[in-house]
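Following the hints, put chain B in place on chain A, whose structure we already have.
Order-wise, the sequence lines are chains A and B. Each residue of the first sequence is one higher than the last, beginning at 619 in our numbering. Each residue of the second sequence is one higher than the last, beginning at 356 in our numbering.
Since the hints were derived computationally from the structure, they do not count as laboratory data. From a predicted model like this one, the values you see are computed outputs, not experimental measurements. C-beta atoms are modelled at their ideal positions from N, C-alpha and C, and glycine is treated no differently. Check the hints yourself; a few may be wrong.
[Said to hold, decoys possible] For each label pair, taking beta carbons as the anchor points, the in silico distance ranges come out as:
hint : chain 1 : residue 1 : chain 2 : residue 2 : range
1    : A       : Val647    : B       : Gly371    : 21 to 27 Å
2    : A       : Ser698    : B       : Arg364    : 47 to 53 Å
3    : A       : Thr718    : B       : Thr464    : 30 to 36 Å
4    : A       : Ser702    : B       : Asp417    : 36 to 42 Å
5    : A       : Gln729    : B       : Thr368    : 25 to 31 Å
6    : B       : Gly418    : A       : Leu664    : 26 to 32 Å
7    : A       : Ser670    : B       : Pro459    : 36 to 42 Å
8    : B       : Ser435    : A       : Ala671    : 19 to 25 Å
9    : A       : Thr718    : B       : Leu394    : 25 to 31 Å
10   : B       : Gln373    : A       : Leu636    : 48 to 54 Å
11   : A       : Gln663    : B       : Ser385    : 17 to 23 Å
12   : B       : Ser424    : A       : Ser698    : 48 to 54 Å
Each chain is listed here by its residues.
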Amino acid sequence: AQSVTQLGSHVSVSEGALVLLRCNYSSSVPPYLFWYVQYPNQGLQLLLKYTSAATLVKGINGFEAEFKKSETSFHLTKPSAHMSDAAEYFCAVSDSRGSTLGRLYFGRGTQLTVWP
Amino acid sequence: DAGITQSPRYKITETGRQVTLMCHQTWSHSYMFWYRQDLGHGLRLIYYSAAADITDKGEVPDGYVVSRSKTENFPLTLESATRSQTSVYFCATLDSSYEQYFGPGTRLTVT
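Bound-form chain A, shown alone:
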């Protein structure tokens, strides 16, 4: 079964500082991995995804993530935080094949606060 662990339910950074949100996954088959962002009272928006191409994935708003199979990790980073990055971030894993293709398993989320 698939599962995702997001380390740290809350992360606080200063504006301009590095953002690092951690995600580890468990998967019995090669996974597809995703990061979504959720702003207050809104649905989820895709930031980036890994679907077995390049291991370093670039997404929207300056975010990127690196798939590390040996560490079963898919951490999200941004070199310089902006106030508008304050939101909740979700890591998710999906099967890359089989009858459960497309089903997402989400982590519990990390709330990012950006201080001026």
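What follows is chain B alone, placed relative to chain A:
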């Protein structure tokens, strides 16, 4: 406009009542999903559908019923609402590049 919509956006109902949450998409994506979001749990899959007339249970299906007679609609019904079903419900579709698109959500309160 193309996209995914949910209705109602907000709903308050009483314990024991039947409630139906609507989801409509204009892309003709085959896969559709229903999630609930609760504090501390992230999003959990309730039901999903691979095509019209094909549905399957997710992680937390108890107390919910779905149907999908048309590709574009995927209603979720709470047959007898309970307070534990107070939550925010999201509908989503899946495109050919494995990206899920989420609706704006329905905030349901069961009193």
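Exercise for the section: If any of the earlier hints don't hold here, list their numbers in rising order. Expected result: Those not satisfied are hints 1, 2, 7, 8.
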